[in-house]
Amino acid sequence: MSELKIDLLRWQKSVIQDDARFKVICAGRRVGKTRYSLTELLIKATEPKEIDADTCVMFIAPTNKMAMDLAWDQFLFLARPLIVKFNINDQDIRLRNGMKVKIRGSDKPDSLRGGKLYHVTLDEYQDIKPQTWEYAVQPALTDLRGSATFIGTPKPDAEEFRRIYDLGQSESATWKSWHFTTYDNELIDKDEIELAKETKSTASFEQEYMASWDTTGANILRLEWFKTGEAPKGAYSTYIAIDPAGYESVADNDRKKKHLDYFAIAVVRVYDDGKWWVQKIDYGRWDVREASVRVLMAIRTHKPMICGIEKGSLCRALTPYLSDLMLKHGVFTHIEHIPTSSSSKANRITYALQGLMEHGRLIFNEKEDWSEIKREMLAFPSTRAHDDLLDGLSMVAHIAVVSYADPEKYQGEEWTPLDDIAGI
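Using full-length UniProt numbering, the first residue of the sequence shown is number 1, and each one after it goes up by one.
Please note that the accuracy of each hint is not assured.
[Unchecked claim] With a straight-line cut-off of 25 Å between C-alpha atoms, the simulated DSS-like cross-links for lysine-lysine are: (1) K176 - K155; (2) K102 - K13; (3) K200 - K303; (4) K129 - K233; (5) K367 - K275; (6) K5 - K49; (7) K49 - K100; (8) K5 - K129; (9) K65 - K5; (10) K85 - K5; (11) K116 - K155; (12) K116 - K85; (13) K65 - K13; (14) K197 - K44.
[To be verified] Label pairs and their in silico Cβ distance ranges: (15) K303 - D419: 37 to 43 Å; (16) K49 - I88: 25 to 31 Å; (17) D189 - P339: 50 to 56 Å; (18) S323 - G355: 49 to 55 Å; (19) S172 - W225: 25 to 31 Å; (20) M297 - I421: 27 to 33 Å; (21) S204 - V401: 57 to 63 Å; (22) D90 - S313: 55 to 61 Å; (23) S172 - K367: 40 to 46 Å.
Derived from the structure by calculation, the hints contain no laboratory data.
This one's a predicted model, so the numbers in the text were calculated from it and none came from an experiment.
Glycine residues also receive a C-beta, built at the ideal position from the N, C-alpha and C atoms.
Given the sequences, and given the hints that come with them, work out the whole structure.
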């Protein structure tokens, strides 16, 4: 058989040499994803010593047209010394060792059934129908214990791609995943990437070049709207809003804690002119006793006009502990339960915060670290990322009362009733 010399990027070599059966590659634009997939497909096609008539390797893209555009010409060029024949109508290529290479789209997943797969590559997996892998492709790998490679660029709604990527990040014996950015292609001029960074939106650059999963919020709560500063001067009222999370045992392991929601306590000054100054957001993963102590400390320190807690089972679990502590220490404030069942969290956060931030009326304390809430802003409204700090902050809108009145403009004579009994 003829020898092939194929130049590979460093990341391509490292992934090809890995022994994982199922590989998941999450990568940005121009990283070399398709080139890698076709090179690996060719290597896999030449591995078997004995090949049955129905044994094949397969390249699958979201649509048939995309599969042909991405793979057909490139694979013919790459494997030209090894090709015996090909049929563009059937989209099949036969190699010298007898292996059949199939180029297919997932438009109709059922058409992919049949045959024994030695290897399959699913390119642009974020756009492939989920049932393609589970019902059509995976069973075909059973006979030969075939391998599979999933390649794609992250999208906010690509839940299935994210699921298998996370599986590859776990301690699975058969799954392994990698994350690459455009910077990992050493053939790309880094100045071109920096130019794109300067000219593209944060969300677009993070998703397309940095292969970031959580970027949808950059269009809803833009980072350029994030303002820090000292507390404004003027009359204000302090409010505390709480987004309770599932209370956990402190003995839970770190791996589990990574995925749990935060308990968030937002302390906000709301000024008479409508501006918000976010003094602090205390957050963490605590059991119900510690959470109630932290709420009490916030009430005692900041003396809010109202303390609002999201209504629900978590609120009911917190209230008895908090009430006992308030009685014990003589610390009191008005507690208001905030109903949220009639609105989605995404709408609640958007309506409460977007306008304030866009018009510069939401200011964050410059002495605090806000890196976590910035990450939440960038990811919002992805269901795979935390939004607990944003949710807690948004609840201030449910309890704050703003007069928008300027006392200096209303310094007329003091009103006196004409009739003391009627009050008019």
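We went through each hint and held it up to the structure:
1. For a cut-off of 25 Å, the pair hint linking K176 to K155 stands: about 20 Å separates their Cα positions.
2. Restraint check for K102 and K13: the C-alpha separation of about 24 Å stays at or below 25 Å, so the hint holds.
3. Restraint check for K200 and K303: the C-alpha separation of about 44 Å exceeds 25 Å, so the hint is violated.
4. Annotation: proposed proximity of K129 to K233 is violated, straight-line Cα distance about 56 Å (limit 25 Å).
5. The hinted pair formed by K367 and K275 meets the criterion: a straight-line CA distance of about 18 Å does not exceed 25 Å.
6. A hinted pair counts as satisfied when its Cα atoms are at most 25 Å apart, and K5 with K49 qualifies at roughly 21 Å.
7. Among the hinted pairs, K49 with K100 is consistent with the structure: their alpha-carbon atoms are about 14 Å apart, no more than 25 Å.
8. Restraint check: the Cα-Cα separation between K5 and K129 comes to about 35 Å, which exceeds 25 Å; the hinted pair is violated.
9. Simply put, K65 and K5 have alpha-carbon atoms about 29 Å apart, too far for the 25 Å limit, and the pair is violated.
10. Proposed proximity of K85 and K5 is supported: the alpha carbons are some 21 Å apart, at most 25 Å.
11. Pair hint K116 plus K155 does not hold up; C-alpha atoms about 31 Å apart against a cutoff of 25 Å.
12. For the given pair, K116 sits about 20 Å from K85 by alpha-carbon distance, which is consistent with the 25 Å threshold.
13. For the proposed pair K65 and K13, the alpha carbon gap of about 29 Å is over 25 Å, so the pair is violated.
14. Restraint check: the Cα-Cα separation between K197 and K44 comes to about 37 Å, which exceeds 25 Å; the hinted pair is violated.
15. Checked against the given bound of 37 to 43 Å, the beta carbons of K303 and D419, roughly 39 Å apart, stay inside it.
16. Take K49 and I88: their Cβ atoms lie about 29 Å apart, and the range 25 to 31 Å holds.
17. With their beta carbons about 55 Å apart, D189 and P339 fall inside the hinted range of 50 to 56 Å.
18. Against the hinted window of 49 to 55 Å, the Cβ-Cβ separation of S323 and G355 comes to about 35 Å, which falls outside the hint.
19. Separation of S172 from W225 is about 40 Å and departs from the stated range, judged on CB atoms against 25 to 31 Å.
20. Range check, M297 to I421: about 48 Å between beta-carbon atoms, so the 27 to 33 Å window is missed.
21. Checking the proposed 57 to 63 Å range against S204 and V401 shows it is violated: the Cβ atoms sit about 40 Å from each other.
22. Evaluation of the 55 to 61 Å hint for D90 and S313 yields a pass: the beta carbon distance comes to about 58 Å.
23. Between S172 and K367 the beta carbons are some 44 Å apart, a value that agrees with the proposed interval 40 to 46 Å.
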